[in-house]
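A.B. asks: Spelled out from the first residue to the last, the chains are:
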Amino acid sequence: MRYLPPGLGRGLVASLALLAAAATHADDLQIEVMAGGCANCHGTDGRLSGAVPPLAGRDQALLESRLLAFKHEEVPGTTIMDRIAKGFSDEELAALAEHYATLAND
Amino acid sequence: MTQPTRPTLDRRQLLQGLGAAASLPLLGGLAAPAFANGGDGRVVVIGGGFGGATAAKYLKRGNPALQVTLVEPQSTFYTCPFSNLFLGGLREMESIAHGYDELRDRYGVEVVHARAEDIDPVAHKVSLTGGRELAYDRLVLSPGIDIRWNALEGYDEAAADLAPHAWKAGPQTRLLKEQLEGMEDGGTFVMVAPANPFRCPPGPYERASMVAHYFSQHKPNAKVLILDAKDNFSKQGLFTAGWERLYGDRIEWVGLSGDGRVTRVDAANREVETEFGTRHQADVLNVIPPQKAGWIADRAGVTDDSGWVPVQPATFESTRVPDIHVVGDATIAAPMPKSGFCANAQAKVAAAAIVAALAGRSAPEPYWTNTCYSLVGPEYGISVAGVYRLADGQIASVEGAGGLSPMEASDEVRRMEAQYAVGWYNAICQDTWGTEA
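Those sequence lines, one after another, are chains A and B.
Under the numbering used here, the letters of the first sequence match residues 2 to 107, in that order.
Under the numbering used here, the letters of the second sequence match residues 9 to 445, in that order.
Wrong hints could be hidden among the right ones.
[Stated by the list, open to error] One side only, chain A facing chain B, incomplete, derived with CB under 10 Å:
#, residue
1, N41
2, L49
3, T103
[Stated by the list, open to error] Computed far set for chain B versus chain A, every beta-carbon distance over 10 Å:
#, residue
4, T77
5, A122
6, G195
7, A203
8, E420
9, Q438
Because the hints were derived from the structure by calculation, they are not lab data.
We treat Cβ as the ideally placed atom computed from N, Cα and C, and that holds for glycine.
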């Protein structure tokens with residue numbers, strides 16, 4: 002079965018962004034689940050440096066524009082992030098960028 | 009693995025009754041204790057592989073007040089991912105070994121090195137070797153796979169000492185490596201590959217690649233023959249092109265319609281026979297046999313007639329037994345493959361669902377990702393990726409996302425994918441066990 006991201010998911014992420022200033026425990030869980038797959042190549046909380054670059058503490062606008070560029074195949078020489086980024090709505094990518102930008106990088 | 013067997017007649021009937029009762033709201037409410045927000049609860053995790061270790065860690069990250077106990081017989085866990093690189097001579101076994109220090113010391117997980125022998129889903133108790141009992145509010149099973157001994161005629165536990173499966177990393181992997189090293193140049197490595205579903209769909213073909221690489225370095229006249237019970241396999245076009253590019257005609261693959269399905273194994277003579285009676289003589293014989301969910305899943309009553317575990321996709325809670333979540337290779341989670349990456353991803357979804365449930369909240373919306381890298385050669389990597397969400401209550405691939413490495417790609421792209429494969433391995437092992445590469 003194939004599936005298109007529904008409006009519901011985008012709405013949820015928009016609400017998340019609105020509530021970010023006063024994040025509740027439940028919101029933390031939701032963003033942790035959404036970001037869960039990132040850790041498998043970028044380390045827990047995106048803090049691992051190596052062949053794959055770290056994410057934690059990087060500039061939010063840079064992260065978001067990079068994720069969107071991957072999604073739209075605008076990054077030459079990309080191996081896999083284009084295939085991953087296409088699985089998320091623009092709003093979800095924005096929420097992920099904000100999440101990693103706010104994490105300390107140590 | 010040898011496990012004690014006990015009568016299960018009454019248990020089956022009891023569990024079927026339980027499964028039906030779980031759909032009643034009243035009993036469901038009684039079975040799930042309601043905790044205040046951020047309250048504690050007892051969670052037992054069985055299995056310290058990608059799924060279990062990740063679940064334990066992310067349960068504590070989600071709510072440090074939870075009492076989390078991880079039950080795993082071994083103090084060192086060897087990963088199946090990258091065990092093929094050991095066979096290819098690219099890595100030592102120590103580099104795929106992981107422990108439980110981070111879970112214990114940083115996250116406060118109680119790690120118990122014992123074997124779970126039985127589960128009482130009514131009393132919510134796990135009994136361990138040595139007699140200890142663990143009570144749980146929620147149980148996570150990450151039991152991995154067990155071999156279906158004798159499902160392939162002639163392939164039993166004794167046969168595996170002669171013709172290793174090496175489909176659980178550890179002594180079997182070392183045995184296969186020793187046999188490869190001891191083989192005369194000019195010999196043939198025969199691999200028997202199973203029908204779907206099985207652990208790590210691209211794994212047999214990466215193994216064939218790594219063995220061919222080892223031969224190219226040390227036994228230039230040796231051959232690889234894959235006898236396959238199916239006509240298509242994961243990343244087939246990419247593997248086939250890579251084999252031709254790096255190894256010429258060293259690797260031969262025979263699929264189901266070419267009489268590749270092995271029906272009998274004579275491990276003592278290293279001979280196999282196919283469906284239509286063709287006999288193949290091996291110098292080293294690697295049998296990757298039919299599989300099923302790890303044994304403890306049967307004891308918990310969560311497996312179905314297929315031998316695998318059906319789960320509720322949003323939470324990975326068993327469809328048959330309440331308060332037991334199952335993650336990893338043991339589950340029926342298609343289109344997600346049976347991979348370490350997926351086990352890790354499913355464990356995070358299950359952990360968040362448990363944290364939420366024990367705090368009286370509904371589970372977060374699930375997200376899953378998968379990436380499987382395979383090395384065709386030391387500097388030649390290929391990958392398949394997938395992004396998954398819920399659609400109509402089922403796990404579904406997100407339209408337009410995921411997919412394979414391109415068929416046409418530069419050497420530089422293949423080299424980068426080989427580097428990222430190492431980056432992925434280091435990262436997922438850090439995320440799962442805290443291992444610093």
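A.B. asks: A separate judgement is required for each hint: does it hold in the structure or not?
C.D. replies: Going through the hints against the structure:
Among the interface hints, the one on N41/A holds; its C-beta lies about 5 Å from the nearest C-beta in chain B, closer than the 10 Å criterion. Taking 10 Å as the C-beta cut-off, the interface hint given for L49/A holds, the closest approach to chain B being about 5 Å. A least Cβ separation of about 16 Å between T103/A and chain B goes past the 10 Å threshold, and the interface hint is therefore violated. Residue placement check: T77/B keeps its beta carbon more than 10 Å from all beta carbons of chain A (closest about 21 Å).
Interface exclusion of A122/B from chain A stands, the closest Cβ pair being 27 Å apart, more than 10 Å. The Cβ of G195/B lies farther than 10 Å from every Cβ of chain A, with a closest approach of about 35 Å, so its non-interface assignment holds. At the 10 Å boundary, the C-beta of A203/B stays outside the reach of chain A, the nearest C-beta of that chain being 22 Å off. Not every CB of chain A is more than 10 Å from the CB of E420/B (nearest about 7 Å), against its label as outside the interface.
The non-interface label for Q438/B is inconsistent with chain A: the shortest C-beta to C-beta separation is roughly 5 Å, within 10 Å.
The earlier numbered hints that this structure contradicts are 3, 8, 9.
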